[in-house]
Amino acid sequence: MQSTRTFTDKVFLVLKGLAMGAANKVPGVSGGVVAFVAGFYEEFIYSLQKVNGKAFKLLFNGRFKSFYKYINGRFLGLLFFGMIVSYFSISKILDYLIINYELYVWSVFFGMIIGSIYYISKDFEGWCTKAYISLVIGISIGISISFLDPAKENDNLLFVFFCGIISVSGMTLPGFSGSFILILLGNYVLLLVDSVNALYDTLFNILSADFSFINNPQRIKMLKVLAVFTLGSVVGLVTFSHVLNYVLKHYRNTTLSLLMGFIIGSLGVVWPWKKTNYKTNLNGNFILDSNGEKIIENYKRFIPNINQETLIAIAFIAFGVIIVLGLEWYGQKTRNVKA
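Positions 28 to 366 (my numbering) are the ones given, in order, by the sequence shown.
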């Protein structure tokens, strides 16, 4: 799948990486959806599954150019560059927007998922009994996951490694939010906020020639957690890609209908007007866990009142749909030019 890419193609690949990175960090949103609607999902899976024994043999034999070409290195490099930049820039902006404009942010994501469902289903011609069953199973799993209660934080390195494997599911399974799974496992803040901030602070210290962090046990612990989490993510990414490449090749219609079900089921997670309830004591004060975080009791989902805020939110939902249709238009245009 190696192909000559123009400068514009490379820029858009980085931008798609930015979008995937931001989406992967938001609970309920899947980076795989971005890959799907932008038209590079199958190339992404194909490229990842090329990271195999043959690739490592080329690498260990010093054939770096062959290794780079074999794994579609330019494509993966630009994409992952965008994702890494996203974690230290776009995702921070996204965090700010969610805190200050939560309803409108979730409205955009809700619209994008609706657009994604349209995109995947419009050209799907493989409907049969198995496909319908897979669709129902996908919807059921997606809805069931959205109603699970979060666990407590666990910084055991073996568990962190497992979290790394699970977290990348959103990159390879559209509609299956890895960050939301991390919330359910209790490690979202630890792995996607605290450890990332620790790395950010460490890099800033190094650039400032300040190495005092070496004597900071909490910082070192966070860096170890991030390293193990990253290793688990790489293992999960490569493993999932091999499995998905196989099932897409042999069970394409069933797999696509299952993924479509995941995406439909995830609509409940990103419903813009959901309300989070926190546990309180008899005096009405919030009950906190050992890390000082408010303990979630349950999620309430409700129908909004028709007012100005709701109308603006609906407009943002439409905007989310337009974003996906725009990505589809661009992807279709690109494919037609290359054809």
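To be clear, the hints were calculated from the coordinates, so they are not data collected in a lab.
Computed from a prediction, not measured in an experiment: that's the story for all the values here.
Mixed in with the good hints there might be a few duds.
Unchecked claim - Pairs of lysine-lysine residues, derived as DSSO-like cross-links and limited to a Cα-Cα distance of at most 27 Å, are as follows: (1) 157 / 179; (2) 92 / 77; (3) 84 / 96; (4) 179 / 251; (5) 96 / 251.
Now for the hints, and whether the structure bears them out:
With a C-alpha separation of about 38 Å, the suggested pairing of residue 157 with residue 179 is violated against the 27 Å cut-off. This hinted pair checks out: residue 92 and residue 77 have alpha carbons roughly 15 Å apart, not beyond 27 Å. Restraint check for residue 84 and residue 96: the C-alpha separation of about 14 Å stays at or below 27 Å, so the hint holds. As the CA atoms of residue 179 and residue 251 are separated by approximately 20 Å, the hinted pair is consistent with the 27 Å bound.
Taking the CA atoms of residue 96 and residue 251, the gap is about 32 Å. The hint is violated against a cut of 27 Å.
The earlier numbered hints that this structure contradicts are 1, 5.
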